[in-house]
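Protein chains in written order, with our numbering: chain A, 7 to 394; chain B, 7 to 394; chain C, 7 to 394; chain D, 7 to 394.
Accuracy of the hints is not assured; some may be wrong.
Below, in silico cross-link-like pairs of lysine-lysine (DSS-like), each with a Cα-Cα straight-line distance of 30 Å or less [stated by the list, open to error]:
id: 1; chain 1: D; residue 1: K38; chain 2: B; residue 2: K331
id: 2; chain 1: C; residue 1: K123; chain 2: D; residue 2: K38
id: 3; chain 1: A; residue 1: K331; chain 2: B; residue 2: K331
id: 4; chain 1: B; residue 1: K38; chain 2: C; residue 2: K123
id: 5; chain 1: D; residue 1: K331; chain 2: A; residue 2: K109
id: 6; chain 1: A; residue 1: K38; chain 2: D; residue 2: K331
id: 7; chain 1: C; residue 1: K123; chain 2: C; residue 2: K109
The following label-pair restraints were derived from C-beta to C-beta distances [to be verified]:
id: 8; chain 1: C; residue 1: G393; chain 2: A; residue 2: K331; range: 32 to 38 Å
id: 9; chain 1: A; residue 1: R369; chain 2: C; residue 2: A171; range: 55 to 61 Å
id: 10; chain 1: B; residue 1: P74; chain 2: C; residue 2: G375; range: 43 to 49 Å
id: 11; chain 1: D; residue 1: R361; chain 2: B; residue 2: S374; range: 20 to 26 Å
id: 12; chain 1: C; residue 1: A328; chain 2: A; residue 2: D107; range: 49 to 55 Å
id: 13; chain 1: B; residue 1: D79; chain 2: A; residue 2: K331; range: 52 to 58 Å
id: 14; chain 1: A; residue 1: R369; chain 2: C; residue 2: P285; range: 50 to 56 Å
id: 15; chain 1: B; residue 1: D214; chain 2: A; residue 2: P12; range: 57 to 63 Å
id: 16; chain 1: D; residue 1: D117; chain 2: B; residue 2: A328; range: 53 to 59 Å
id: 17; chain 1: D; residue 1: G386; chain 2: A; residue 2: E373; range: 47 to 53 Å
id: 18; chain 1: C; residue 1: E175; chain 2: D; residue 2: G242; range: 22 to 28 Å
id: 19; chain 1: A; residue 1: P12; chain 2: C; residue 2: A325; range: 53 to 59 Å
Facing chain A, according to a computed beta carbon distance under 10 Å, are these residues of chain B, among others [as the list claims (entries may be wrong)]:
id: 20; residue: E232
id: 21; residue: Y347
id: 22; residue: L363
id: 23; residue: Y376
Just so you know, the hints here were simulated from the structure itself, not pulled from any lab data. No residue lacks a Cβ here, since even glycine has one placed at the ideal position from N, Cα and C.
4 protein chains.
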Amino acid sequence: MTTFSPEIQAALAQQAIELPSWAFGNSGTRFKVFATPGTPRDPYEKIADAAQVHRYTALAPTVALHIPWDRVDDYDDLRRHADDHGVALGTINSNTFQDDDYKFGALTHEDAAVRRKAIDHHFECIDIMDATGSRDLKIWLAEGSNYPGQADLRGRQDRLHDSLATIYERLGDDQRLVLEYKFFEPAFYHTDVPDWGTSYAQVAALGDRAVVCLDTGHHAPGTNIEFIVMQLLRLGKLGSFDFNSRFYADDDLIVGAADPFQLFRIIFEVIRGGGLNSPDVAFMLDQCHNIEDKIPGQIRSVLNVQEMTARALLVDRSALEAAQKAGDVLEANRIFMDAFYTDVRPALAEWRVSRGLPADPMRAFAESGYLAQIAADRVGGVQAGWGA
Amino acid sequence: MTTFSPEIQAALAQQAIELPSWAFGNSGTRFKVFATPGTPRDPYEKIADAAQVHRYTALAPTVALHIPWDRVDDYDDLRRHADDHGVALGTINSNTFQDDDYKFGALTHEDAAVRRKAIDHHFECIDIMDATGSRDLKIWLAEGSNYPGQADLRGRQDRLHDSLATIYERLGDDQRLVLEYKFFEPAFYHTDVPDWGTSYAQVAALGDRAVVCLDTGHHAPGTNIEFIVMQLLRLGKLGSFDFNSRFYADDDLIVGAADPFQLFRIIFEVIRGGGLNSPDVAFMLDQCHNIEDKIPGQIRSVLNVQEMTARALLVDRSALEAAQKAGDVLEANRIFMDAFYTDVRPALAEWRVSRGLPADPMRAFAESGYLAQIAADRVGGVQAGWGA
Amino acid sequence: MTTFSPEIQAALAQQAIELPSWAFGNSGTRFKVFATPGTPRDPYEKIADAAQVHRYTALAPTVALHIPWDRVDDYDDLRRHADDHGVALGTINSNTFQDDDYKFGALTHEDAAVRRKAIDHHFECIDIMDATGSRDLKIWLAEGSNYPGQADLRGRQDRLHDSLATIYERLGDDQRLVLEYKFFEPAFYHTDVPDWGTSYAQVAALGDRAVVCLDTGHHAPGTNIEFIVMQLLRLGKLGSFDFNSRFYADDDLIVGAADPFQLFRIIFEVIRGGGLNSPDVAFMLDQCHNIEDKIPGQIRSVLNVQEMTARALLVDRSALEAAQKAGDVLEANRIFMDAFYTDVRPALAEWRVSRGLPADPMRAFAESGYLAQIAADRVGGVQAGWGA
Amino acid sequence: MTTFSPEIQAALAQQAIELPSWAFGNSGTRFKVFATPGTPRDPYEKIADAAQVHRYTALAPTVALHIPWDRVDDYDDLRRHADDHGVALGTINSNTFQDDDYKFGALTHEDAAVRRKAIDHHFECIDIMDATGSRDLKIWLAEGSNYPGQADLRGRQDRLHDSLATIYERLGDDQRLVLEYKFFEPAFYHTDVPDWGTSYAQVAALGDRAVVCLDTGHHAPGTNIEFIVMQLLRLGKLGSFDFNSRFYADDDLIVGAADPFQLFRIIFEVIRGGGLNSPDVAFMLDQCHNIEDKIPGQIRSVLNVQEMTARALLVDRSALEAAQKAGDVLEANRIFMDAFYTDVRPALAEWRVSRGLPADPMRAFAESGYLAQIAADRVGGVQAGWGA
């Protein structure tokens with residue numbers, strides 16, 4: 007393959023992947039967070055770093071914020087700052103896991119006062135959305151319990167519905183509530199939204215502007231994730247992706263690093279279901295660059311998504327359909343794998359150059375000296391991490 | 007604890023667990039099916055064996071049939087035969103996995119003629135239900151694919167809806183469609199109804215008399231099954247259980263054998279959610295006694311469910327609620343575990359005797375000589391197994 | 007990349023992958039075995055089919071036999087038959103899972119008479135090896151238990167040692183005992199050789215000519231298989247591979263079909279550890295073509311191994327070593343992935359043609375009409391399967 | 007059952023479970039560490055808290071230290087402090103995961119200077135052992151890599167051997183090196199000692215005083231842990247347990263909380279293999295009381311081990327052996343389960359009272375007011391956690 011068809015080029019040109027501000031701060035495991043020279047000290051520096059990813063790839067026009075980690079005094083100012091750097095502010099992520107009051111839950115808590123506090127936090131997030139122009143309020147509930155008997159599973163589910171309904175009511179007409187599910191962690195016995203079924207049932211009970219976020223790292227071992235992608239698209243409830251990859255649990259590795267073929271299958275189902283470059287389905291990253299450089303880690307990630315999108319677009323769908331209808335297992339698989347095994351990198355490099363981008367964004371960024379510069383510039387202060 | 011409260015005695019007295027006719031035939035793995043002397047040769051003998059379980063436990067008043075394995079010429083006659091043995095015919099299970107035409111699907115097949123054949127099979131099952139007086143049509147779809155690209159996941163899901171809707175239409179007003187889900191096997195890449203979310207979405211699209219069957223062995227590793235029990239009860243869609251236990255995949259071991267505490271937690275959520283002895287939630291076994299004697303294997307199974315139900319009924323729910331509200335993790339867990347660790351067996355033995363049952367059903371059956379008798383009587387013919 | 011280096015060409019020219027005779031017979035799940043027209047009725051026809059794979063790929067010069075499935079009256083005759091078809095007989099696989107006496111174990115059984123019978127079966131296998139000129143006796147122990155308490159785990163391990171030692175003693179000086187491990191199935195509670203550690207400990211206690219067989223489908227979810235490959239090579243005990251792939255359990259799918267990147271990592275560690283084209287490490291397939299055509303399924307499989315070997319040979323190991331030493335995570339990963347993402351198929355096609363082979367073995371076989379011919383020729387008789 | 011046999015009483019009287027000092031400090035997940043009033047500020051306060059566990063249970067006579075977390079100026083003084091509180095210092099645990107130099111490994115690092123630093127750290131630990139009178143040096147290697155290609159798996163294994171051999175040489179004649187394995191975390195692609203096989207191969211290459219530590223939370227999903235217990239005892243290499251429990255990954259929950267029957271099976275194999283109250287096999291806890299009170303959490307844990315030991319001692323081993331030899335699956339399982347289901351708590355309470363201990367240690371501790379007192383006393387300072 008030497009070049010892409012016009013249709014594929016058009017699809018690639020539209021692709022946009024939102025970056026998480028927290029990917030530019032320090033992260034780690036419960037055992038250790040390794041620091042890196044040049045790590046941002048505030049949301050302004052995070053956005054500056056995120057803008058580098060977009061500059062070299064044209065793939066990452068927006069940056070998601072996490073409240074309270076990215077709280078600032080003046081969101082208009084932050085918005086202008088982003089605009090000055092060529093990016094925009096995106097999804098607002100709430101946080102119900104770092105306040106001492108939330109030890110036993112937030113939106114699900116037995117105590118109405120704690121629930122009220124957590125709902126108010128989401129109201130603040132909506133206020134921020136109004137200021138930033140963000141469409142999506144993303145809620146990941148880190149709520150659950152560690153020991154059988156500790157919690158009333160059913161009561162918590164009912165309270166969750168009530169809390170979400172209150173938050174949903176507050177949203178503007180053009181805003182969405184996006185509910186993420188996760189198999190486990192930080193709770194180790196039960197999690198209040200552990201699977202797509204629960205997230206789907208909860209958002210279906212809210213209304214049309216409530217949708218599901220699928221984080222590719224948040225499933226039980228062996229789960230067929232592309233099946234869930236297909237099903238949520240079919241049900242009209244796939245709101246967004248949090249891309250990353252994993253070998254074991256929620257490892258938060260670079261998307262495509264652990265099982266590239268799985269990423270291919272996922273994106274193929276997105277295309278099959280009409281979700282590629284659809285306004286209904288937001289592509290986002292949610293990763294932790296614990297040991298690798300963060301900005302190149304993000305560049306590598308958006309490139310991985312782009313490369314796999316190009317491969318998935320190459321699938322000869324009419325030939326595939328014919329083989330499927332004929333029950334020709336090996337031929338259908340061959341057609342599918344042929345696209346996966348095609349090396350799209352030369353054509354992508356050429357296409358990038360045609361659009362005024364570097365052929366090799368990783369190298370161009372490395373040669374820019376940006377990492378050395380921020381390491382020199384950002385001395386003193388407290389590096390951003392997952393602490394508030 | 008020396009005796010049960012009247013409330014617990016009443017709950018125990020109501021308990022009924024349906025037996026699968028196929029548990030009395032031979033079963034095994036893909037590597038080997040070991041035969042046993044005395045194995046039934048036809049549905050009549052299976053029912054006779056199932057009746058033994060009820061005779062010694064008073065826990066198993068009905069027997070589920072599997073079509074075509076249990077096809078007979080005259081279902082009225084089979085019904086009378088069951089009645090003569092003190093049991094009744096229960097759920098009708100369809101089979102879409104053993105016909106050569108179903109190699110690539112049945113209700114989901116690309117070919118309308120194959121779908122039609124599979125739908126007609128379910129019509130036959132409904133006709134049998136009319137004859138046997140069965141309420142539930144249980145559908146386990148062994149459909150899926152083995153290789154990425156082989157199948158159109160989305161198209162199959164849509165066709166599944168259409169097929170199920172056609173079958174649902176045919177049901178009588180007092181009949182239900184029960185859709186079982188399974189993580190994997192016999193398909194190894196994708197399964198068309200792999201999780202509770204898919205089963206729920208499919209039955210919700212059909213109507214009130216379509217519900218979900220939860221087989222305790224059909225989940226990904228680490229799945230919190232009692233959470234799903236809670237959620238399906240909350241959503242009004244838990245139709246039945248297929249009880250068994252597992253260490254790895256769908257091992258189909260005796261219920262409670264692999265993780266008794268999990269069974270305790272499951273039954274506790276059934277009680278918590280109002281599902282115990284509710285007409286809406288059928289308790290059934292679905293097991294394979296590959297290496298152990300089948301009738302005692304079934305007796306052991308229903309006793310395991312009964313013993314765990316007694317334990318779960320012992321949970322001091324008001325004390326538990328107080329500890330939960332107080333955020334007292336260790337005390338809530340202690341209250342929960344106290345019931346689990348209580349040895350209910352002596353009280354159950356006493357209660358059985360008070361109802362004219364043997365204190366130790368396993369021993370009483372062993373001493374009856376029934377196994378030796380059927381081994382002597384059932385000579386010749388073809389032992390029943392999973393073949394049609 | 008347009009062509010391979012002479013070193014890579016030499017490595018590819020040496021590659022040999024043994025085929026399992028049973029891959030050409032029917033196989034399936036416990037639910038159904040689908041038959042296919044043209045399926046071999048005896049070992050002679052299996053070898054004829056296996057020879058087709060070699061004819062179109064030059065990758066599969068030997069065929070493994072399974073006793074008793076491949077028992078014949080005259081092994082010299084079978085050997086000549088293979089020779090006439092351009093292949094040779096390879097590993098002899100024993101079977102301790104299909105005799106009624108082995109219901110509770112064979113080499114591990116409580117009863118010395120059963121152990122004796124199982125040992126004698128292995129003596130028969132060694133006699134066959136002497137006749138066929140086979141080097142390796144491969145033992146997969148399908149032994150274990152289904153219920154806690156059923157078996158004395160420790161006693162069985164000791165008896166296993168004694169049985170293996172007796173068998174090992176009988177081997178000729180140029181013969182090897184290869185012990186396969188498997189996580190679970192057909193036993194569902196404990197398996198007597200469930201992991202590489204147990205296989206290693208057992209063969210280390212026997213002697214130098216006892217080694218481990220690594221079946222890529224026989225691990226717990228999430229297991230890093232290439233790590234085990236590295237470790238066994240390091241310990242000098244990696245005797246052979248059973249290649250296949252899996253999404254869930256021992257799915258026995260075509261190697262490379264489920265996670266091609268995993269296969270790449272495995273073969274890279276083989277190369278890194280000196281195991282490629284080493285006489286010490288046999289490459290074999292162990293797969294079940296339940297729903298796809300068997301001969302093309304085997305051709306696809308050996309091509310997958312070949313293609314992934316070519317990719318793994320392309321890794322720039324000196325650059326990789328430099329990046330590893332420098333702690334440059336992203337660069338090391340880039341070098342590694344660059345080889346994986348390189349499309350080696352055109353160069354392989356060219357190289358095949360240069361050696362008088364078809365550029366596209368799958369197509370060449372399809373066009374040969376062989377499948378139609380055996381379907382026409384092999385009428386009557388009993389198709390080979392897993393039954394004895 | 008009303009009372010224990012003299013043999014069981016003797017076994018119970020000998021039981022000792024080592025407590026980890028870090029269980030009394032704060033712990034949590036990567037998302038949040040919740041603090042608790044009264045949490046120790048230094049090793050002295052940790053030991054004081056640990057002594058409470060022993061005071062109420064007589065089960066926990068020793069406390070393990072973690073270096074550098076428990077570094078003090080004068081270990082003689084710490085030893086006297088422990089003695090004054092009725093306990094002794096136990097295992098010394100090293101730490102190779104919290105120094106910035108160890109980002110890419112410690113004992114396995116590419117750079118000899120970093121390996122030297124990590125070895126020196128272990129020499130310091132041995133010096134501390136000499137001062138504290140500790141026998142065991144426990145090494146958990148948090149080393150590995152996050153991305154394929156990042157690390158030379160084989161080279162790291164060889165360097166690990168060299169580093170361990172150097173440390174082993176330094177040990178005194180009565181000291182042991184105990185090597186722990188862990189499936190994953192904090193590394194997410196490969197871990198240098200991921201399984202019992204690797205730990206076994208490494209310690210076997212060192213010598214008799216190098217043994218394996220089995221942490222019950224460090225296995226792949228579905229792993230049969232009691233099988234590994236059996237195997238390591240059989241091979242003479244089971245050095246110690248780190249007890250805890252898990253539903254998903256290394257959850258570090260209270261031992262016995264997640265799957266009590268698994269704990270029963272593990273302890274049964276310990277007894278079966280001669281490891282109960284053997285000097286060769288140390289029982290230790292390794293847990294994180296993220297949300298529950300720490301001292302009662304530890305009391306609950308040692309009681310869980312004691313209760314399960316009592317149950318496992320009740321197994322009628324001669325009857326079990328007879329049923330196993332007879333191939334009576336259901337009877338063998340019944341005998342096994344009978345012990346598990348026996349409620350040993352009343353007999354244990356009685357036995358405790360006979361030894362001058364409180365019948366209910368949890369309640370006695372709660373009523374002592376100790377938690378309130380330390381909350382009042384320990385004001386100011388920095389609470390101990392996993393930071394150095």
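Can the suggested window of 53 to 59 Å be confirmed for the beta-carbon pair P12(A) and A325(C)? This hint is violated: roughly 37 Å between Cβ atoms.
Holds or violated: E232(B) as interface residue toward chain A, Cβ cutoff 10 Å? With a closest approach of 7 Å, the E232(B) hint holds.
Measure nothing beyond the straight line between the CA atoms of K38(D) and K331(B); if it is 30 Å or shorter, mark the hint as holding. Given pair K38(D), K331(B) holds - Cα atoms ~22 Å apart, limit 30 Å.
That 32 to 38 Å hint for G393(C) and K331(A) (C-beta), does it hold up? holds, 34 Å
Would the stated hint for L363(B) survive a check requiring a Cβ distance to chain A of less than 10 Å? With a minimum Cβ separation of about 32 Å from chain A (threshold 10 Å), the hint on L363(B) is violated.
Does the closest beta carbon of chain A sit nearer than 10 Å to the beta carbon of Y376(B)? For Y376(B), the interface hint is violated, since the closest Cβ of chain A sits about 39 Å away, which is over 10 Å.
Can you let me know if the beta-carbon spacing of D79(B) and K331(A) is within 52 to 58 Å? Violated, since D79(B) and K331(A) (Cβ atoms, about 39 Å apart) do not stay within the stated range.
Is the straight-line distance between the alpha-carbon of K38(A) and that of K331(D) 30 Å or less? violated, 52 Å
Between R369(A) and P285(C), is the Cβ distance one that fits in 50 to 56 Å? violated, 43 Å
Outcome for the supplied range 55 to 61 Å, where the beta carbon pair is R369(A) and A171(C): holds, 59 Å
For the range 49 to 55 Å, tell me whether the beta carbons of A328(C) and D107(A) fit it or not. Check passed, 51 Å falls within 49 to 55 Å.
Could one say that the CB atoms of G386(D) and E373(A) fall in the range 47 to 53 Å? holds, 52 Å
Taken one by one, the earlier hints fail for this structure at numbers 2, 3, 5, 6, 10, 11, 13, 14, 15, 19, 21, 22, 23, listed in ascending order.
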